[in-house]
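Enquirer: Chains as they are written, first to last, in my numbering: chain E, 3 to 107; chain X, 3 to 107; chain S, 3 to 107; chain V, 3 to 107.
It is worth saying that the hints were derived from the structure and are not from the lab.
Do not rely on the hints blindly, as some may be mistaken.
Copies of the same chain are indistinguishable here, so a pair counts whether it falls within one copy or spans any two.
[What the hints assert, rightly or not] Taking lysine-lysine and the PhoX-like style, the derived pairs with C-alpha atoms no more than 20 Å apart in a straight line are: (1) Lys-96 - Lys-19; (2) Lys-22 - Lys-94; (3) Lys-100 - Lys-90; (4) Lys-90 - Lys-6; (5) Lys-6 - Lys-17; (6) Lys-53 - Lys-22; (7) Lys-53 - Lys-94; (8) Lys-22 - Lys-6; (9) Lys-19 - Lys-54; (10) Lys-97 - Lys-53; (11) Lys-22 - Lys-10; (12) Lys-97 - Lys-22; (13) Lys-97 - Lys-10; (14) Lys-51 - Lys-19; (15) Lys-17 - Lys-97.
Protein chains: 4
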Amino acid sequence: MSMKNYQKELDNWFKEKGWKYWQSLSILARLYEECGEFARLVNHLYGEKPKKDDEKEQELEEEIGDIIYTLICFANSHNLDLDRSIRKSFDKVKKRDKDRFKKIE
Amino acid sequence: MSMKNYQKELDNWFKEKGWKYWQSLSILARLYEECGEFARLVNHLYGEKPKKDDEKEQELEEEIGDIIYTLICFANSHNLDLDRSIRKSFDKVKKRDKDRFKKIE
Amino acid sequence: MSMKNYQKELDNWFKEKGWKYWQSLSILARLYEECGEFARLVNHLYGEKPKKDDEKEQELEEEIGDIIYTLICFANSHNLDLDRSIRKSFDKVKKRDKDRFKKIE
Amino acid sequence: MSMKNYQKELDNWFKEKGWKYWQSLSILARLYEECGEFARLVNHLYGEKPKKDDEKEQELEEEIGDIIYTLICFANSHNLDLDRSIRKSFDKVKKRDKDRFKKIE
Chain E
3 MSMKNYQKEL
13 DNWFKEKGWK
23 YWQSLSILAR
33 LYEECGEFAR
43 LVNHLYGEKP
53 KKDDEKEQEL
63 EEEIGDIIYT
73 LICFANSHNL
83 DLDRSIRKSF
93 DKVKKRDKDR
103 FKKIE
Chain X
3 MSMKNYQKEL
13 DNWFKEKGWK
23 YWQSLSILAR
33 LYEECGEFAR
43 LVNHLYGEKP
53 KKDDEKEQEL
63 EEEIGDIIYT
73 LICFANSHNL
83 DLDRSIRKSF
93 DKVKKRDKDR
103 FKKIE
Chain S
3 MSMKNYQKEL
13 DNWFKEKGWK
23 YWQSLSILAR
33 LYEECGEFAR
43 LVNHLYGEKP
53 KKDDEKEQEL
63 EEEIGDIIYT
73 LICFANSHNL
83 DLDRSIRKSF
93 DKVKKRDKDR
103 FKKIE
Chain V
3 MSMKNYQKEL
13 DNWFKEKGWK
23 YWQSLSILAR
33 LYEECGEFAR
43 LVNHLYGEKP
53 KKDDEKEQEL
63 EEEIGDIIYT
73 LICFANSHNL
83 DLDRSIRKSF
93 DKVKKRDKDR
103 FKKIE
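Chain E extracted, bound-state conformation (with noise of 0.2 Å):
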């Protein structure tokens, strides 16, 4: 009952504009692009030499933000429901651990 919120209000706010979603595979090439500028940071802050820089780090948030955002789009576009997404992830992994703990009995 949350991801639904900021469906909801992305998809207002392309309404009143008159905006349209992009094509599919457009919204896949933006998804490439933030995440490359993601991994950018992320090397930055923790890769081969890693820099302490409070301020980078304060973008850490900015970037996956960005990564969401993309993701909304994708998913408004399609009548994707993202709270149900991240259900089925969860239960998908709680499952699997299950599974792990039955093995090992």
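Dock chains X, S and V against chain E, hints included.
Expert: For chains X, S and V alone, kept in the frame of chain E given last:
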């Protein structure tokens, strides 16, 4: 007040299990992998020779879920607030739009 | 004078078969997918819990091959010269290094 | 007999400078970053609202060059043979095509 719940739920789960989050570069590699699977699916459904495939379309939610799951792991291991992330990204888009409007006038 | 041969070989093969290169955004999506498979393998071998695995290590060459194959497809469909690509990138690194040297003096 | 020369040239350069290749996960992060820049450019030129832009088109070669440069770094640090990489990938495509042909008959 919404991604917070997912972040908390995952963190509780990790604590209960005694799991540790991966190091930053490994989570990044996983993000790359998950996005690659999403790309494969998007290309299959909407790429060069789009295929109508209802079953595959339902997998879109799962693939995006895995991406967000990976981002939550990263956020939790760095004490990032994903609601603030999304808010910042939304604000940026809205601000960019406002500036564009000003220019036109 | 070397990537040229690979580009030519692939182009002849496509012509012979009557195949067309995909549109740019689809090749990009494929690049994403191939890089994701590479990331999965790298994470398996050198990530959080590195696993010594000779068989998997041999797959590294194949995964990188698939990435370069995808780049050749893109280059051919846009008449790009990959030898010039590599030369430009090499020159940039060497130039950057020279500039760094000057600064130190 | 061709990527070999590029691999050797870069390796000599690194030896001469006393540089070391980065660890695998850092090179992977760099690959992500470089591919993201390529994605940005491809989306600009051929995405949602394709823009004819000759200057930008010339940058395509540079962006691909940076990706291949990153792959050469990875290959050198793992003693991979990129000519064999490309050959394996070409063979796979040709084999796949042959199998497809058999099925049709």
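Enquirer: Give a verdict on every hint.
Expert: Hints, one by one, checked against the model:
1. Lys-96 - Lys-19: between (41 Å within a copy, 10 Å between copies)
2. Lys-22 - Lys-94: between (33 Å within a copy, 18 Å between copies)
3. Lys-100 - Lys-90: within (15 Å within a copy, 37 Å between copies)
4. Lys-90 - Lys-6: Classified as both; 15 Å inside a copy, 17 Å across copies.
5. Lys-6 - Lys-17: within (16 Å within a copy, 27 Å between copies)
6. Lys-53 - Lys-22: between (40 Å within a copy, 18 Å between copies)
7. Lys-53 - Lys-94: neither (35 Å within a copy, 24 Å between copies)
8. Lys-22 - Lys-6: Classified as within; 19 Å inside a copy, 29 Å across copies.
9. Lys-19 - Lys-54: neither (41 Å within a copy, 26 Å between copies)
10. Lys-97 - Lys-53: Classified as neither; 38 Å inside a copy, 24 Å across copies.
11. Lys-22 - Lys-10: Within one copy only: 15 Å inside a chain, 34 Å across chains, cut-off 20 Å.
12. Lys-97 - Lys-22: Answer is between; shortest inter-copy Cα gap is 18 Å, intra-copy 38 Å.
13. Lys-97 - Lys-10: Classified as between; 19 Å across copies, 30 Å inside a copy.
14. Lys-51 - Lys-19: Close across copies (18 Å), not inside one copy (44 Å); limit 20 Å.
15. Lys-17 - Lys-97: between (39 Å within a copy, 17 Å between copies)
This entry does not satisfy hints 7, 9, 10, going by the numbered hints stated previously.
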